[in-house]
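**Q** Input sequences plus hints: build the corresponding full structure.
Residue numbers (this note's numbering), protein chains in the order written: chain A, 19 to 626; chain B, 5 to 242; chain C, 13 to 261.
Some clues are possibly wrong.
[Stated by the list, open to error] Counterexamples of contact, computed for chain B against chain C with all Cβ distances above 10 Å:
no. : residue
1   : Leu-70
2   : Gly-74
3   : Tyr-226
[Stated by the list, open to error] No more than 16 Å apart at the CA atoms, straight line, and that leaves these computed lysine to aspartate or glutamate pairs for EDC-like:
no. : chain 1 : residue 1 : chain 2 : residue 2
4   : C       : Lys-58    : A       : Glu-364
5   : C       : Lys-155   : A       : Asp-172
6   : A       : Lys-188   : C       : Glu-41
7   : C       : Lys-99    : C       : Glu-41
8   : A       : Lys-83    : A       : Glu-143
9   : B       : Lys-21    : C       : Asp-124
10  : C       : Lys-231   : A       : Glu-364
11  : A       : Lys-339   : C       : Glu-42
12  : C       : Lys-58    : A       : Glu-487
13  : B       : Lys-21    : C       : Asp-214
14  : A       : Lys-136   : A       : Asp-172
15  : A       : Lys-188   : C       : Glu-42
16  : A       : Lys-148   : C       : Glu-149
17  : A       : Lys-339   : C       : Glu-41
[To be verified] If you want the footprint, here are the derived chain A segments under chain C, 3+ residues with CB under 8 Å:
no. : stretch
18  : 123-131
19  : 144-157
20  : 164-177
21  : 185-197
22  : 238-244
23  : 255-267
To be clear, the hints were calculated from the coordinates, so they are not data collected in a lab.
Source: prediction; values computed, not measured.
Built from N, CA and C at the ideal position, the CB exists for glycine as well.
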Amino acid sequence: MSAKNTHISDVLVIGAGLAAERSAIECASAGLNVIILSLVPPRRSHSTAAQGGMQASLANVAMGKGDSPEIHFADTVKGSDWGCDQEVAKMFCETVPSMIRQLDYWGVPWNRVTAGKKKYASGIETEDTKDKEGLITARDFGGVAKWRCCYTSDGTGHTVQFVVDTQVCKLGIPVHDRMEAIALIHDGETCFGCVARNLRNGELNVYLAKSTIIGTGGAGRIYAASTNAVINEGTGGAIALATGVVPLGNMEAIQFHPTGMPPVYILMTEGARGDGGYLLDKNMHRFMPDYEPKKKELASRDVVSRRMVQHIRAGYGVTSKYSTQQHLWLDIRHLGRQWVWKNLREIATIATNFNGIDPAKELVPVIPTQHYTMGGIRTNKDGAVYGLQGLFAMGEAACWDLHGFNRLGGNSLAETVTAGFICGKQVAKYTLGQTRNFNMKMVDGFVKKEEERIKNLISGKNGRENAYEIRDAMGTAMMDHVHIFRTGKSLEQGVAKLQELYKRSLKIGLHSSGQGANPELAQALRMPGMVRTALCVAYGALMRTESRGSHFREDYPKRDDVNWLTRTLAYWKEGADLPTLNYEPVACPILPPGDRGYGEASAGPKGK
Amino acid sequence: MELAKNLQTTINRSHGKTDLYVDLAQSISGVLLIGFLWMHMLFVATVVVSPELFNTLSEGLDRYYLAQVGIPATILLIIIHIFLALRRAPVRLRDMRITYRMAKMMNHYDTWVWVGQVVSALFVGVMASIHLWIILGAWPLRAATSAVRVASSGPADITWGAFTFPFFIVFYVIFLIAGEYHGGFGLYRILVKWGWWERHTMGWVLKGITVIIVGLGFAALYTFTQIAANLPAGGVIH
Amino acid sequence: MGRKLTISCFRFNPNIPGDKPRMQDYELEEYEGMTLFVALNDIREKLDPTLMFDFVCRAAICGSCAMLIHGRPRLACKTMTRTLPSKFTVMPLPVFKLIGDLSVDTGTWFRDLQVRAEAWIHTNKKFDFNALEVRMENETAEKIYDPEQCIECGCCVANCITANIRPDFIGSTGINRVYRFLIDPRDERSDADYYDVIGNEDGTFGCVGLMACDDMCPKEIPLQENLAYVRRKMAAAGLKLKFQGVKIS
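**A** See the structure below:
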C-alpha cells in the first residue's frame with residue numbers, strides 16, 4: 019500500500035457540510051483552486067438534519083418587530099453564559115441577515131410573511147401587515163427576545179445545504195466524496211494538507227494545499243447516545259489535536275437536548291412541548307411543574323434536561339421495551355389526533371417510522387441526549403487555527419466561539435454559513451498572498467506513518483483489541499461520567515476509564531482482513547483520536563470547577579466569573595495519555611457578565 | 005446532455021425536436037388506436053342487438069368509403085405505433101432479463117402491468133395481422149360471414165379438458181383480451197405521463213371501461229356462434 | 013421473545029481480487045422496535061466486521077441507506093424488521109456503481125445529474141448585500157419546497173426499468189429536480205433553455221410512466237404530477253405553443 023494519488027490545490031476543504039461548502043464557495047469565487055474532501059456526498063452531510071431554522075434579525079414578522087443585531091447579540095451572549103467571544107458574536111449577528119438574503123438569492127425557499135391576523139398554538143395572537151407581505155418570515159425559538167428564526171417548513175438544513183451545494187456545482191468545485199482525512203501534514207508551524215484514505219477502495223491519497231480548512235462538524239458520537247448522525251465522530255478535531263500544536267477549545271461544553279427518542283435517539287423537536295406536550299414519569303405523573311412551577315416543560319434546554327435526569331435518578335424513570343436505559347415519556351395525546359398529525363407531523367412520522375408509535379394515542383419514550391459540541395478546534399475570529407499557519411476551521415468543528423457554554427437554538431445553522439462566508443474570505447485573502455514549497459520527503463514521512471498504522475492494525479502487531487468494543491465502552495463511560503450532571507468524583511472515574519480505554523485503543527487489531535474499503539479498518543483508525551477527544555471533554559470538565567451554561571457541576575453549582583471567565587485550551591502532547599490544559603481569558607468588552615435567569619437548578623428531586 | 009457530448013449526441017442536438025415528435029407521435033397514435041379499438045368493438049357489439057343493424061352499419065361504412073380509407077389508415081397507424089413503441093421496449097436480451105428480474109423482485113403492480121403490455125403487444129401484433137388478412141379476404145363484412153369465421157375450426161379444433169372449441173373462438177377470445185388489455189392500460193399510461201388526473205382513480209375508471217368493452221366483445225362472440233349454429237347446413241350465406 | 017431473523021445479504025467486494033458475488037445469511041434475534049439500521053450494525057459489529065453499508069443520519073433525512081430490502085428499494089434506517097418476513101434479502105441498489113456489498117456510489121451519479129440538469133438558479137441579477145430580499149408569495153415558497161424535499165436516496169432510479177436499461181436516463185429525481193427550478197420565479201431561464209437541458213429521450217421524454225418512483229418515494233413526493241407537468245411544459249416549449257387561456261400547469 020502506498021499513496022496512489024497526490025492532489026495539489028490552493029485550498030483544501032475537509033468536510034462538505036454547510037460551513038465547509040460555504041467557505042469553499044468564497045475561495046473559489048476569489049479565483050482559487052479548491053478541492054473538497056468529504057466522508058459522504060455533500061448532500062448527505064449532517065447539516066441537512068437541522069430542522070428548526072436560522073436566527074437572523076430581519077424583523078419582518080410581527081413578533082420580530084423592532085429586532086436588531088444588538089438584540090440578537092444580547093440573546094447569544096446570555097445564552098452562552100458569557101462564555102462566547104463577543105467580537106465574534108457581534109460580527110456574526112451583523113452579518114447573518116445578509117447571509118439569509120444571499121441564500122434566498124441562491125434559491126432557498128424561505129417561508130414568507132402572509133398578511134392578516136393569526137392565532138398560534140401557544141395562545142399568542144398577532145397581525146402581520148401588508149407592507150411586510152412576501153418578505154422572509156420567522157418563528158419562535160427557545161431563549162430569544164424576538165421571533166427571528168427563519169425557516170423552510172420543517173427542512174431548513176436540508177434546503178440550505180442543497181442550495182449551497184448548487185453553487186458548489188455551478189462553480190465546478192471538485193468534491194472527492196468518501197475520502198477521509200486521517201492525518202494532517204505539517205512541520206509544527208505550517209499545515210501543508212492531509213493524508214486521506216479513500217473509502218471506496220482503501221487507498222491512501224495525499225492532498226497538498228496552501229490553506230487547509232476543517233469543517234467536519236461535531237463529535238457527538240463519542241457519547242453512546244447522541245442525536246447526531248453516525249458520521250459525527252469528531253474526526254476533524256481529532257486530526258488537528260493529533261498534531262500536538264493545535265488546541266481544542268471548551269470541549270467540556272456539550273449541549274444535551276431534552277427529548278431524544280430511544281432506541282436510536284432521534285431528535286423530537288421542541289415543538290412538541292411548545293405546543294403543550296407533557297413529560298411523564300413511570301407513575302404517569304407530570305413532574306416538570308414540581309421542579310419548575312413557572313416554565314414547566316418549557317424551561318430552557320439545560321434546565322429541562324437536568325430535571326429529567328434528576329427525576330430518573332430519584333427512581334422515577336421508566337423501564338420499557340424501547341430502551342435498555344431508563345427513560346421518561348413525552349405525552350402529546352391530549353392535543354388530539356388532528357393537531358398531532360397536522361402540526362407535529364414530523365414528530366408523528368418519526369415516532370411511527372422508528373418505534374411504530376402513533377403519538378396521537380400512545381406515549382413516546384424520551385431521554386436527554388447529547389446534541390451539540392460548543393467546543394472545537396480553537397480559531398481566532400478569522401477562522402485561523404491556533405498553532406498552525408495555513409490551517410483554518412469553521413462550523414461545529416471549530417471553537418470560533420460564538421456559542422460559549424450554551425448554544426442558542428437556531429444559531430448553529432446560522433453560524434455555518436456566516437462563518438463560511440466571513441472566514442472563507444479571510445482564507446482566500448491569506449491564500450492569495452502565499453507560496454508554498456512542499457517538502458516531499460516530509461510528506462512521504464506522514465504517508466509512511468499512516469501506512470505503518472494500517473499495517474499494524476491488520477497484522478495485530480500492537481494487540482487484538484476490538485475497535486467496536488472500545489467505541490462502546492467509551493460511549494458508555496461518557497454517558498456515565500461526563501453527562502448532564504457532573505461531579506469531581508465521577509469525572510475522575512470517567513477520566514481514569516477513558517485513559518485505560520486510550521491505552522487499549524492503541525492496541526487495536528482487526529478481526530477482518532482490512533482489504534479494500536474495509537469498514538472495521540476505518541473505525542479502528544478513528545478510535546485513538548476519538549478517545550483523545552473524549553478525554554479532552556472529560557478532563558476539561560473535571561478541571562473546570564464551576565457551573566456555566568451546559569457544563570453543570572453538582573459540587574460547584576455556581577458560575578464563577580472571578581476564576582473561570584476563561585476558555586479551556588486542550589493540547590495533546592506526543593506520548594501523553596491526558597490532554598494538557600491551558601486557559602485563555604474570555605473578554606466581555608460589550609456586555610459584562612450578568613444574570614441569565616436560571617438559578618433554579620439546585621433544588622432536590624421531587625416525586626410522587 | 006452535458007456530459008454525453010460526442011459526435012452523435014452533438015449532431016442529434018441540432019435536430020433537438022426529434023425526441024419530442026417521436027414521443028408525441030407514440031402517444032397520439034396510441035390514443036387514436038384505442039379510439040379505433042373501442043369504436044370497433046361498439047360496432048361489432050351491435051350484432052348483439054340485431055344482425056341487421058350490424059349489416060346496415062357495415063354497408064354504410066363501405067358505401068361512404070370509410071372502411072376503404074379507415075382500414076389502410078389503421079394499418080399505417082399500427083405500423084407507426086409498433087415502430088415508435090419498440091424504442092421503449094426491452095429489445096436486447098440483457099434488457100429483457102433486467103426487466104423481468106426487477107419486475108419479479110419488486111413485485112410492483114404498474115411495472116408488471118407494463119411487462120404485460122409488452123407481451124400483449126406481441127400477441128396483438130401477430131393476431132391483428134391474421135385478423136386483417138382473413139377479413140380482407142372475405143370482404144364485404146356481414147354478420148353471417150363473421151359468424152362463420154368466428155365459429156370455424158381453422159387449422160384444428162382446440163380441446164381443453166372435456167371441452168372442445170373451434171380454433172377461431174379461442175383465437176378471438178385471446179385477441180380480444182390482449183387487445184383491450186394493451187389498449188386500456190396503454191391509455192392509462194399515456195394519461196399518467198401527460199395528464200392532470202390522480203392516477204389511481206383514473207386507473208379504476210379505465211379498468212371499468214375495459215371490462216365493459218371486453219364484456220361486449222364476449223357477448224358479440226357468443227352471438228356470432230349462435231348465428232353460425234342457426235345457419236343452414238352447407239353454409240349458403242346470401 | 014423475538015423471532016429469529018435470517019437476513020440474506022448480497023456480498024461482493026470488487027476491491028478484493030477473486031471475490032465473487034454471493035448471498036450470505038446472517039441469523040440474529042429480533043427485538044422490539046428493531047430497524048434495519050440496528051440489525052445491520054449488529055451484524056457488522058458482532059458477526060462480520062467486513063460487511064459494507066452506508067448510514068449517516070439514521071432518521072430518513074439524508075438518503076444514504078437506500079437498498080433493496082425484500083426486493084424493493086427502501087431506506088434501511090426506517091424499515092422496521094417486524095414489517096418483513098423472518099427471512100428476507102437485502103441487496104444494493106441497481107443502476108449505481110457498486111462500491112461493495114450493500115454500498116453503492118450515489119454521490120457520483122447525483123453530482124453528474126446536477127451538472128447535466130444545470131440544477132442551480134440561473135439569474136443575471138447581481139446580489140446586493142444591502143438590499144432587501146425580493147418578495148415572494150408564501151404559497152410559491154411552499155410549492156418550491158415540495159419537490160425540493162428530494163433527499164437523492166436513489167430509490168426512484170433503482171426501481172425504474174428505464175433507468176435500469178438506459179444508463180443515460182436522468183430518472184424521476186432528475187426531472188423532479190428540473191421541475192423545482194422550473195417553478196421558481198428566481199430562475200430566469202426560458203422554457204426553451206430548459207428544453208435544451210431535458211427536452212429529449214434521456215430527459216423528460218424518456219419516461220415510460222411505470223410510476224414505481226411515485227409509489228415508492230420514501231419522502232412521498234408527488235412525482236407523477238411533477239413529471240407530467242414537466243412533460244407538458246417541455247412539449248409546449250418544443251412545439252412553441254402558446255396555450256392562451258389554457259392552463260397547462
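**Q** Does each hint fit the structure? Answer for all of them.
**A** Verification of the supplied hints:
Non-interface status of Leu-70 (chain B) relative to chain C is upheld: no Cβ of that chain comes within 10 Å, the nearest being about 30 Å off. Here Gly-74 (chain B) stays apart from chain C, with its beta-carbon at least about 27 Å from theirs, past the 10 Å limit. Look at Tyr-226 (chain B): its CB is around 35 Å from the nearest CB on chain C, clear of 10 Å, so calling it non-interface holds up. Note on Lys-58 (chain C) and Glu-364 (chain A): the hinted pairing is violated, with a Cα-Cα distance of about 33 Å set against a maximum of 16 Å.
For a cut-off of 16 Å, the pair hint linking Lys-155 (chain C) to Asp-172 (chain A) stands: about 14 Å separates their Cα positions. Distance restraint check for Lys-188 (chain A) and Glu-41 (chain C): the Cα-Cα separation of roughly 48 Å exceeds the 16 Å cut-off, and the hinted pair is therefore not satisfied. Proposed proximity of Lys-99 (chain C) and Glu-41 (chain C) is supported: the alpha carbons are some 12 Å apart, at most 16 Å. For the proposed pair Lys-83 (chain A) and Glu-143 (chain A), the alpha carbon gap of about 14 Å is at most 16 Å, so the pair holds.
The suggested pairing of Lys-21 (chain B) with Asp-124 (chain C) is violated, with an alpha-carbon distance near 24 Å, which exceeds 16 Å. Annotation: proposed proximity of Lys-231 (chain C) to Glu-364 (chain A) holds, straight-line Cα distance about 12 Å (limit 16 Å). The hinted pair formed by Lys-339 (chain A) and Glu-42 (chain C) meets the criterion: a straight-line CA distance of about 12 Å does not exceed 16 Å. Using a Cα cut-off of 16 Å, the hinted pair Lys-58 (chain C) and Glu-487 (chain A) holds, with the two alpha carbons roughly 10 Å apart.
Pair hint Lys-21 (chain B) plus Asp-214 (chain C) holds up; C-alpha atoms about 13 Å apart against a cutoff of 16 Å. The hinted pair formed by Lys-136 (chain A) and Asp-172 (chain A) fails the criterion: a straight-line CA distance of about 20 Å is larger than 16 Å. Between the alpha carbons of Lys-188 (chain A) and Glu-42 (chain C) the distance comes to roughly 46 Å, so the proposed pair goes past 16 Å and is violated. Between the alpha carbons of Lys-148 (chain A) and Glu-149 (chain C) the distance comes to roughly 12 Å, so the proposed pair stays at or under 16 Å and holds.
For the suggested pair Lys-339 (chain A) and Glu-41 (chain C), the alpha carbons sit about 15 Å apart, so the restraint of at most 16 Å is met. Three residues within the 8 Å Cβ limit are the bar, and the stretch 123-131 of chain A against chain C gives 8, so the coverage statement holds. Requiring three or more residues with a Cβ within less than 8 Å of a Cβ of chain C, the coverage given for the stretch 144-157 of chain A holds, as 5 such residues are present. Against chain C, the stretch 164-177 of chain A contributes 5 residues with a C-beta closer than 8 Å to a partner C-beta. That satisfies the three-residue criterion, and the hint holds.
Given as covered by chain C, the stretch 185-197 of chain A passes the check, having 6 residues with a CB less than 8 Å from a CB of that chain where 3 are the minimum. Counting residues of the stretch 238-244 of chain A whose beta carbon lies closer than 8 Å to any beta carbon of chain C gives 0, which falls below the threshold of three, so the coverage claim is violated. Judged by the Cβ-Cβ criterion of 8 Å, the stretch 255-267 of chain A is not covered by chain C as claimed, because only 0 of its residues qualify and three are needed.
The structure fails to meet hints 4, 6, 9, 14, 15, 22 and 23 from the earlier list, while all remaining hints are met.
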